[in-house]
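2 protein chains.
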Amino acid sequence: MNKGSVWIWYPGDFEIYHHLLLNIRREERNYQWPAFWRLDDCYHNVRFRKQVHCDTPEEMTVYAHGVGHVWVDGKKQALRKPIILSTGIHNIEICVARTDGLPCVYVDGVQSASNSSWEANEYSFEWLPAGCNELYPNKEDDPNIFSFQYAEMLPVSIEKRQEGLLYDYGKETFAALLFENIQAPKDIRIFYGESLEEALDTEHSILIDAVPAGSDKYRCSSRAFRYVFVKGAEIEQFELTALYEYLPLYKKGSFTCSNDEVNRIWDMAEYTLHLNSREFFLDGIKRDRWVWSGDAYQSYFINNYLYFDTDITKRTIIALRGKDPIAKHINTILDYSFYWIMSIHDYYQATKDLDFVSFIYPRMKSMMDYCISLTDEDGFIRGREGDWVFIDWAEIDKTGAVCAEQILFAESLKATWICGDLIGAGETCYLERYNQLKEQIAKFYWDEDKGAYIDSFESGKRNITRHANIFALLWDYADPKQRESIIMNVLSNDAVPKISTPYFKFYELEAMCKIGRLEDVTKQIQDYWGGMLQLGATTFWEEYNPAVTGLDRYEMYGDRYGKSLCHAWGASPIYLLGRYYLGVNQTAAGYDAFIVEPQLGGLEWIKGTVPVNGGTVSVELTQEALEVLADKPGGMVRVNGREYPLQKDIPLRLNMKSSTT
Amino acid sequence: MNKGSVWIWYPGDFEIYHHLLLNIRREERNYQWPAFWRLDDCYHNVRFRKQVHCDTPEEMTVYAHGVGHVWVDGKKQALRKPIILSTGIHNIEICVARTDGLPCVYVDGVQSASNSSWEANEYSFEWLPAGCNELYPNKEDDPNIFSFQYAEMLPVSIEKRQEGLLYDYGKETFAALLFENIQAPKDIRIFYGESLEEALDTEHSILIDAVPAGSDKYRCSSRAFRYVFVKGAEIEQFELTALYEYLPLYKKGSFTCSNDEVNRIWDMAEYTLHLNSREFFLDGIKRDRWVWSGDAYQSYFINNYLYFDTDITKRTIIALRGKDPIAKHINTILDYSFYWIMSIHDYYQATKDLDFVSFIYPRMKSMMDYCISLTDEDGFIRGREGDWVFIDWAEIDKTGAVCAEQILFAESLKATWICGDLIGAGETCYLERYNQLKEQIAKFYWDEDKGAYIDSFESGKRNITRHANIFALLWDYADPKQRESIIMNVLSNDAVPKISTPYFKFYELEAMCKIGRLEDVTKQIQDYWGGMLQLGATTFWEEYNPAVTGLDRYEMYGDRYGKSLCHAWGASPIYLLGRYYLGVNQTAAGYDAFIVEPQLGGLEWIKGTVPVNGGTVSVELTQEALEVLADKPGGMVRVNGREYPLQKDIPLRLNMKSSTT
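In order, the protein sequences belong to chains A and B. Quick note on my numbering: the first sequence kicks off at -2 and runs consecutively. Quick note on my numbering: the second sequence kicks off at -2 and runs consecutively.
If you are wondering where the hints come from, they were derived from the structure by calculation, not from laboratory data. Be a bit skeptical, because a hint or two may be false.
For chains that are exact copies, the list does not tell them apart, and a pair is met inside one copy or across any two.
[Claimed, not checked] Calculated lysine to any residue pairs in the SDA-like style (CA-CA distance at most 20 angstroms, straight line):
(1) 362 / 611
(2) 78 / 209
(3) 395 / 441
(4) 73 / 238
(5) 495 / 556
(6) 520 / 384
(7) 78 / 30
(8) 458 / 80
(9) 511 / 384
(10) 495 / 639
(11) 362 / 321
(12) 320 / 121
(13) 320 / 97
(14) 183 / 96
(15) 447 / 375
(16) 214 / 630
(17) 249 / 628
(18) 249 / 107
(19) 73 / 554
(20) 511 / 197
(21) 72 / 30
(22) 325 / 116
(23) 325 / 125
(24) 72 / 165
(25) 157 / 179
(26) 73 / 22
(27) 320 / 120
(28) 228 / 247
Please model the complete structure; the sequences and the hints are all you need to start from.
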């Protein structure tokens, strides 16, 4: 009877509510550390409506997490009691309120089944399609609890140490420890470690817990670790189970090649991203476990070459934005507001999902208008006191209006214009401002003598870093002559400080791919990611500097174990290898048209699959031959400047030796 | 050590959170009925800061309802653990988050004691003085639970009926029933009644409950009733205690006179208002127990002549407004947005409380701007589809722009201008718009032929009701000639339909007082309120029509017991008797200057006290003599057109016979 029913809620509120919960979960030794930005909540009083057409009588029962009632054709009825709908048309409205969580509804019925055919309203004038997803299809479900799955994990070793027991689970993981049949005479103290050192350095381990003496059973919160050091009990005094907590995601992208280290890097990148793909795309799973717009922006791209899970991208975009009125930039960071705006257009490009654009556009527009309200007479945006002008951890001259921010601002204006236009709400003011801003950027920041974009102009320093110049290459802010100049004077210029974070390395390596330097990229992947592999990493780190050794490797933010050893942005090789080596990318929204332009990048052979929005392209390239197969129309293979249309389900085989002529 | 500490929270959020809780508590038989407007919530992630100057070292402990930590001079510390502050200056910041309630903080310390000297922030750019009140002075308190008091109540009778037991508590009350030592073989079903009929008519009683079979103890939610009918158990099978739930309020106003019925009316009005004075001023305690801006507006005035409790007025004003962005008019009612705006100026007039005006002004301004955004080319505001243009339950022609709404709009513009001006943020656009609107009102609505304001002009009906004309008299929208005309053609004209609701009777009787018709008012009080008394009412009703008899008296909104028998607006005699009979009113904000102009209104003698913002005026008037005593300077007695300055603490005695000459 409940075919087609799912739990429904006010659209976006599931995401906002779980973002609220997630943002206050950060722990550090003996206190909690709520995020330092405004946290929004779901609406607590909502209603749902549908005009239900019954060809035959049906029984409808309304379940809810919350209190309320059901109006059926103007008469109030109780929740959780069967209601008979006679043949004909019925106007149903369900009112539900809940003060301590997400009010939501499940209608067990046929025509009345709850799903996105219902509308939702928070008592404003506007009714919107109800929010729902595939995670909550049963009436027993509760969307207030995120639908993770759990699997029992065994340690690879248990070692008795002087003061306790050391468990090694063999690799980084995220799990809840469950202590059962406890018979310990005193508190059992638990010290987690992403590294062995952290677990054993009990004065400084970031994540700790304790089982109170006298407990029979104790379940710890789910946390990130590879090692667990348990003090205060013998192994016979409890049974310990580790429950791996994860979101099932289906791997659609794959990559193998002639270089085994690169293969291992790809696999570890996949595992790293998977651990960070939860309610939303996290930055890292140990600390801070928050959602950062700039970090998430990269995860969206990586996801498109791995899971192509559109739900997690949408969830993340909705959560990051929160609700009106806007208090500060997203994550307090100027650039992160822009990545958020840009991500909507990028998401559309990958999915052609107009429903989502329609839903999010009002929030996109108000975010854009907020940024515009902060511009100066030159049309530039600046950080106010209390704004974080981030771009990267680098010696950028951030005085006044910063070039990299203006490029992101311009890209955001363009994205807003396009997305508005897509749903028939396009406002030319955004387009005009985009064009003006591009001109202003060229005028104020391009330094003809230096042949590069300067960081900022107000200080008079005319400092050059790679960042704005990389953006200029990526998003075509440089004409061919300027491009050459940037490549020569910045990208290939060792006097310009190197990019030191994997975060910005994403953009730098992409720029290098764009200008055809794949062999350099292959080398960097091997050096940087391979370097972490060689140190025994089981997931990629927040930051890695080969020059740093010993315990110092784990230090960050002034904390001995402050560094995250499982950081989403470490997974960027997946994107680079899929996008530029397998060479697959959409050329029309939703991959209605897509290009396949594989390159070996110095490898002997590469092989893999790339999801293309409902389809998959498989690519196998050697120095001799290329084979491409797509289960979706619209593909075009490009090799050495020549294009070959790709037919659905028909492999295209090219002799690489002959195709070069 | 905790001298001076109180619980603190983000300002306004205590009110908004308790308003959220209150708005979903409405019950009706077997379902809940959440309010039909958007409900806002407190911020869930907040921080507090103070620069603490310690002359001597002190120990500080931070308690919180929520998770978080304390920064002391840039170092993080845990909550609930003593922190030593050395002699000197310390920068303290406390971060607290709570997802399912109000995050709040209590600092046990000396210089560090938590109170409004701390600032609060929700991670926007603005820091505000922390919110607090006198209800939560102990570290064991929890501001998430409203601080009611409880007193055991005994029934005046317990009667065994055929199917159960009937408890009569002698008068309307609001209490929690507590069943203890239950030994009943089946469910105990409970039926509440404000009237005997409702309690016994178990199919239709609005409030019901049930003690599940097998319970040993059961505490019902607090509810309104006089009678309780208990079915399914014998008296020996349980012990029943009724716990009266109330907010202690100190009665500062009083009134007695030569007419005992009027005295009883005053007392019953006081009890009626007290029952409705809870977290906020409610409309009625049975159904719907919500906060309605128009109802509350009258309670503010009554309160000023009874408790002069400024906290409950502030709480109500804050709760009604909620947060930005504005979704609809307050309570969905156009006029109720205006009463809300006007109430702030009225509150200031009574209290001279600039701190509150400063706090609320941004919300006042955005409410005003919301209304202005809805105006038409004539400068008038209209109800949109989905807006409720209420004014009163009366046959008002509500086509298009309604006169009474425009008068309220104009008064709101004036109030916004004045309040902004008071805090140095006055915007002349409000003043200009006020002046223009007044002219437009005269031009569009004054009908020279009819000598009155018409309801509206668009329909061409040129209909006349009392409502707009009463507003015009109250707020001086009529010149002396027009006044006379309104009095003759509307107020004294029986062809114009009578005011039928006690809600609007408030304004009508006030207008009659203003034009000197106190004897008519006395008669109406005796007829209308006395009529309810004679029917055995123990609190005043939502509505009373002497022509309706029997069970029909309780009917309203199509529900047999739909009418509220304890409705705040029934308490208006307190205001009328204090304001126009005892004759006390402020003539400068905060009663820095006040007038005492007593009138007998046809009574032989009157006697009473009126609170005057930190002081009290007592008045005793007979036909022969007047005695006035104030414990506060600034008073001026006016009798028969002559004025007599009133000295603090010195009784002024006048011979009324001689003073008339």
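These are the hints, each one checked on the structure:
no.	hint	verdict
1	362 / 611	neither (29 angstroms within a copy, 50 angstroms between copies)
2	78 / 209	between (43 angstroms within a copy, 19 angstroms between copies)
3	395 / 441	within (15 angstroms within a copy, 59 angstroms between copies)
4	73 / 238	neither (49 angstroms within a copy, 33 angstroms between copies)
5	495 / 556	neither (25 angstroms within a copy, 77 angstroms between copies)
6	520 / 384	neither (37 angstroms within a copy, 66 angstroms between copies)
7	78 / 30	between (43 angstroms within a copy, 16 angstroms between copies)
8	458 / 80	neither (74 angstroms within a copy, 46 angstroms between copies)
9	511 / 384	neither (32 angstroms within a copy, 56 angstroms between copies)
10	495 / 639	neither (35 angstroms within a copy, 89 angstroms between copies)
11	362 / 321	both (11 angstroms within a copy, 17 angstroms between copies)
12	320 / 121	both (14 angstroms within a copy, 13 angstroms between copies)
13	320 / 97	both (18 angstroms within a copy, 18 angstroms between copies)
14	183 / 96	neither (39 angstroms within a copy, 32 angstroms between copies)
15	447 / 375	neither (23 angstroms within a copy, 60 angstroms between copies)
16	214 / 630	neither (56 angstroms within a copy, 69 angstroms between copies)
17	249 / 628	within (13 angstroms within a copy, 83 angstroms between copies)
18	249 / 107	neither (34 angstroms within a copy, 62 angstroms between copies)
19	73 / 554	between (58 angstroms within a copy, 14 angstroms between copies)
20	511 / 197	neither (45 angstroms within a copy, 82 angstroms between copies)
21	72 / 30	between (48 angstroms within a copy, 13 angstroms between copies)
22	325 / 116	between (31 angstroms within a copy, 19 angstroms between copies)
23	325 / 125	between (26 angstroms within a copy, 16 angstroms between copies)
24	72 / 165	neither (61 angstroms within a copy, 33 angstroms between copies)
25	157 / 179	within (18 angstroms within a copy, 56 angstroms between copies)
26	73 / 22	between (40 angstroms within a copy, 17 angstroms between copies)
27	320 / 120	both (15 angstroms within a copy, 14 angstroms between copies)
28	228 / 247	neither (38 angstroms within a copy, 59 angstroms between copies)
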